[in-house]
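These protein sequence lines map, in sequence, to chains X and Y. Each step along the first sequence adds one to the number in the working numbering, with nothing skipped, and position 122 is 123. Each step along the second sequence adds one to the number in the working numbering, with nothing skipped, and position 217 is 778.
If you are wondering where the hints come from, they were derived from the structure by calculation, not from laboratory data. All C-beta atoms, glycine included, are put in the ideal place defined by N, C-alpha and C. Check the hints yourself; a few may be wrong.
With beta-carbon atoms standing in for the labels, derived distance ranges [stated by the list, open to error]:
id: 1; chain 1: Y; residue 1: Asp732; chain 2: X; residue 2: Thr142; range: 17 to 25 Å
id: 2; chain 1: X; residue 1: Asp137; chain 2: Y; residue 2: Thr689; range: 24 to 32 Å
id: 3; chain 1: X; residue 1: Asp137; chain 2: Y; residue 2: Tyr624; range: 27 to 35 Å
id: 4; chain 1: Y; residue 1: Ala603; chain 2: X; residue 2: Pro132; range: 17 to 25 Å
id: 5; chain 1: Y; residue 1: Ile725; chain 2: X; residue 2: Val104; range: 42 to 50 Å
id: 6; chain 1: X; residue 1: Gln108; chain 2: Y; residue 2: Ala731; range: 22 to 30 Å
id: 7; chain 1: X; residue 1: Thr105; chain 2: Y; residue 2: Ala684; range: 44 to 52 Å
id: 8; chain 1: Y; residue 1: Gln672; chain 2: X; residue 2: Arg72; range: 23 to 31 Å
id: 9; chain 1: X; residue 1: Thr165; chain 2: Y; residue 2: Ala701; range: 42 to 50 Å
id: 10; chain 1: Y; residue 1: Pro610; chain 2: X; residue 2: Ala156; range: 19 to 27 Å
id: 11; chain 1: Y; residue 1: Gly625; chain 2: X; residue 2: Ala134; range: 25 to 33 Å
id: 12; chain 1: X; residue 1: Thr105; chain 2: Y; residue 2: Arg626; range: 44 to 52 Å
Only pairs whose alpha carbons sit at most 30 Å apart, straight line, appear in this in silico DSSO-like list of lysine-lysine [stated by the list, open to error]:
id: 13; chain 1: Y; residue 1: Lys664; chain 2: Y; residue 2: Lys693
id: 14; chain 1: Y; residue 1: Lys631; chain 2: X; residue 2: Lys130
id: 15; chain 1: Y; residue 1: Lys631; chain 2: Y; residue 2: Lys693
id: 16; chain 1: Y; residue 1: Lys693; chain 2: Y; residue 2: Lys729
id: 17; chain 1: Y; residue 1: Lys693; chain 2: X; residue 2: Lys130
id: 18; chain 1: Y; residue 1: Lys631; chain 2: Y; residue 2: Lys664
Chain Y is faced by these chain X residues, among others (derived, beta-carbon under 7 Å) [stated by the list, open to error]:
id: 19; residue: Gly50
id: 20; residue: Asn51
id: 21; residue: Thr52
id: 22; residue: Val55
id: 23; residue: Met99
id: 24; residue: Met101
id: 25; residue: Pro119
id: 26; residue: Gly120
id: 27; residue: Ser146
id: 28; residue: Tyr160
id: 29; residue: Asp164
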Amino acid sequence: MRFIVLALTLSLGTAACKRHRATPAADSAALAAGPKVHWSRAYIVTPAGNTSAVMYLTIENPGARPDTLLRVTTPLVDVAMLHTNTTSGSLQEQHGTMNMTAVTSLQIPPDTTLALAPGGTHVMLDALKHPIARGDSIPVTLIFSRAGALSGNAAVISYTDVDTATAPLAAPVPVDAPR
Amino acid sequence: MYVRSPRGRLHYRWGRGTIAMALAALTLASACTRPAVIDPSALSGVQLPTPIARPAFTLPDTYGRPYDFKSQTAGTLTLLFFGYTNCPDVCPVHLANIEVALKTMEYADRQRVRVIFVTTDPARDSATAVRKWLDSFDPAFIGLRGTEAQADSVQRLLGLAPAIRGPKQADGSYSVGHAGQVIVFQPDDTARVVYPFGTRQTEWVHDLPLLLRASRTDVFSSPQRT
Chain X
2 MRFIVLALTL SLGTAACKRH RATPAADSAA LAAGPKVHWS RAYIVTPAGN
52 TSAVMYLTIE NPGARPDTLL RVTTPLVDVA MLHTNTTSGS LQEQHGTMNM
102 TAVTSLQIPP DTTLALAPGG THVMLDALKH PIARGDSIPV TLIFSRAGAL
152 SGNAAVISYT DVDTATAPLA APVPVDAPR
Chain Y
562 MYVRSPRGRL HYRWGRGTIA MALAALTLAS ACTRPAVIDP SALSGVQLPT
612 PIARPAFTLP DTYGRPYDFK SQTAGTLTLL FFGYTNCPDV CPVHLANIEV
662 ALKTMEYADR QRVRVIFVTT DPARDSATAV RKWLDSFDPA FIGLRGTEAQ
712 ADSVQRLLGL APAIRGPKQA DGSYSVGHAG QVIVFQPDDT ARVVYPFGTR
762 QTEWVHDLPL LLRASRTDVF SSPQRT
C-alpha cells in the first residue's frame, strides 16, 4: 500500500513539474508578464588622478512586474559595487552633508525608468585592471533576478562630459524623507 | 532755447526737449557709476540666510607652503569647496563643471577667480595625491591639506557640519560624508550664495560674471529666494 502511494506521489509530482516547465501554457504566462527590463546609455568616467572609475547608466522596466539588479560585471574590474548618495540636513542652513553607502541590490519597480546618475546611485569600479581613455568602449553585463544577464557596452567619457552626457544630475536621496 | 527779454537780454529757457535730454543724461550717468543691481532669483545658487565674511585660516597647500586664505584670496571671487579625492561623483563633477565654466571667461575675469579645494580626508589624500587630482581639472586650482581637526574647525568656521568619515570596509576603503556645496566669496569678501551639487555648467557660466561684478550689499537687498 505504502509503495503504491509513494509511486502515485512521485508520478504526480514529476507530472506537475513537467507542466510548469517548458509547455506552451508556461510560455504564454511569461508573455503575459510583459516585456523585460533593459539597460542603455552606460558611461564610464575616466578617473581623475586615482584608480577608481564610476559608471552611470539608465535601466528601463516597461513591464508590469518589478525586477532586481543583483550584480554588475565587467572585464575592467574584479568587483563592481553599487553605491548610493544620501543627503541629510538642510543645505540652506549649511548643515547638510552628502554621504555614500553601498547597496547590495537595486529594485526596479514596474513601469519605471531608473537613472543611475551623478549625485544618485552609481556603479563603483575599483582597481581598474587596465587604463581607460575617453572614447573607449567597455563590455558590461548587468544581472537581473528576472531578466537574467543582459550584456552591452559602456562608452568612456571624462568628468567634463558628465554634465551633458548622462541623465540630468540626480538629487540625492534624503534620508529623512519618506520613501 | 535762447529767448530775448523785453529789455533785450538773452535768457536761456529750458524747453521740454532739453529737460528730457538732461534727465536722460543724469540717469545714464548714475547707472554707469552704480554697480549693476542683480535680482537674486536670477542666480542659480542658494542664498545663505546670513552672509558670511571671508574667514581667516591658514592651511598648507599642495606645495607644502602655508596658505593664508583670508589675505591670499582677498578681493577675489573665491570658490571654496570641501571634499576628498576618492569621492566618485560629487567632488569631481563639481570641479569639472567649474573648470569648463572658467574656460569660457575672459582672461582678465579668470585672473580674479580662485578655486580652493580643502581635503577632509588627509589620511588618504597626501599633498601629492591632491595636487595630481586637482591637475586633472585645472593646475590653477589650489589644494589645501591640513589635519582632520584643522579641516573640521575650518568647516565649523563656515557653519558647515564637519565631514564624517564612514566605517572602514573589508578592503580598507571608506566614504567621507561632507557638505556638497561650493561657497562663493565675492570680491567684497562676503559670501551670500552657495552652489549645491547639481549645479550645471550653463548655470556657472551664467552666474560667475554676475558674482564677479555685483559685490555691494545693496544688490542683494531684495526679498530672499527660498
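Hint by hint, here is what the structure shows:
1. Checked against the hint of 17 to 25 Å, the C-beta distance between Asp732 of chain Y and Thr142 of chain X comes to roughly 22 Å, which is consistent with it.
2. Restraint check, Asp137 of chain X to Thr689 of chain Y: a C-beta distance of roughly 27 Å satisfies the suggested window 24 to 32 Å.
3. Range check, Asp137 of chain X to Tyr624 of chain Y: Cβ separation about 33 Å, and the 27 to 35 Å hint holds.
4. At roughly 43 Å, the beta-carbon separation of Ala603 of chain Y and Pro132 of chain X lies outside the given 17 to 25 Å, and the hint is violated.
5. Taking the beta carbon of each, Ile725 of chain Y and Val104 of chain X are about 19 Å apart, not inside 42 to 50 Å as hinted.
6. Roughly 25 Å separates the CB atoms of Gln108 of chain X and Ala731 of chain Y, a value that falls within the hinted 22 to 30 Å.
7. Taking the beta carbon of each, Thr105 of chain X and Ala684 of chain Y are about 27 Å apart, not inside 44 to 52 Å as hinted.
8. In this structure the supplied range 23 to 31 Å is violated for Gln672 of chain Y paired with Arg72 of chain X, their Cβ-Cβ distance being about 49 Å.
9. Range check, Thr165 of chain X to Ala701 of chain Y: Cβ separation about 23 Å, and the 42 to 50 Å hint is violated.
10. Separated by about 42 Å at the C-beta atoms, Pro610 of chain Y and Ala156 of chain X break the suggested range of 19 to 27 Å.
11. Taken as a hint, the range 25 to 33 Å holds for the pair Gly625 of chain Y and Ala134 of chain X, whose Cβ atoms sit roughly 32 Å apart.
12. For Thr105 of chain X and Arg626 of chain Y, the Cβ-Cβ distance of about 45 Å falls inside the hinted range of 44 to 52 Å, so the restraint holds.
13. Between Lys664 of chain Y and Lys693 of chain Y the CA atoms are separated by roughly 20 Å; this keeps the pair inside 30 Å, and the hint holds.
14. Taken as a hint, the Lys631 of chain Y and Lys130 of chain X pair is broken in the structure, with Cα atoms around 43 Å apart against an allowance of 30 Å.
15. Taking the CA atoms of Lys631 of chain Y and Lys693 of chain Y, the gap is about 25 Å. The hint holds against a cut of 30 Å.
16. A C-alpha spacing of about 24 Å is found between Lys693 of chain Y and Lys729 of chain Y, which places the hinted pair at or below 30 Å, so the restraint holds.
17. For the proposed pair Lys693 of chain Y and Lys130 of chain X, the alpha carbon gap of about 20 Å is at most 30 Å, so the pair holds.
18. For the suggested pair Lys631 of chain Y and Lys664 of chain Y, the alpha carbons sit about 25 Å apart, so the restraint of at most 30 Å is met.
19. Restraint check, Gly50 of chain X versus chain Y: the minimum CB separation of about 4 Å is within 7 Å; hint holds.
20. Interface restraint check for Asn51 of chain X: the shortest CB-CB distance to chain Y comes to about 6 Å, inside 7 Å, so the restraint holds.
21. For Thr52 of chain X, the shortest C-beta to C-beta distance to chain Y is roughly 10 Å, which exceeds 7 Å, and the interface hint is violated.
22. Restraint check, Val55 of chain X versus chain Y: the minimum CB separation of about 4 Å is within 7 Å; hint holds.
23. With its C-beta approaching chain Y no nearer than about 4 Å, Met99 of chain X sits inside the 7 Å limit, and its interface hint holds.
24. At its closest, the beta carbon of Met101 of chain X sits 4 Å from a beta carbon of chain Y; the interface hint therefore holds under the 7 Å criterion.
25. Among the interface hints, the one on Pro119 of chain X holds; its C-beta lies about 5 Å from the nearest C-beta in chain Y, closer than the 7 Å criterion.
26. Interface restraint check for Gly120 of chain X: the shortest CB-CB distance to chain Y comes to about 5 Å, inside 7 Å, so the restraint holds.
27. Taking 7 Å as the C-beta contact cut-off toward chain Y, the hint placing Ser146 of chain X at the interface is violated, the least distance being around 25 Å.
28. With a cut of 7 Å, the hint placing Tyr160 of chain X at the interface with chain Y holds, because the nearest CB-to-CB distance is about 4 Å.
29. The restraint placing Asp164 of chain X at the interface with chain Y holds, with a minimum CB-CB distance near 5 Å, inside the 7 Å limit.
Checked against the numbered hints given earlier, this structure breaks hints 4, 5, 7, 8, 9, 10, 14, 21, 27; the rest are met.
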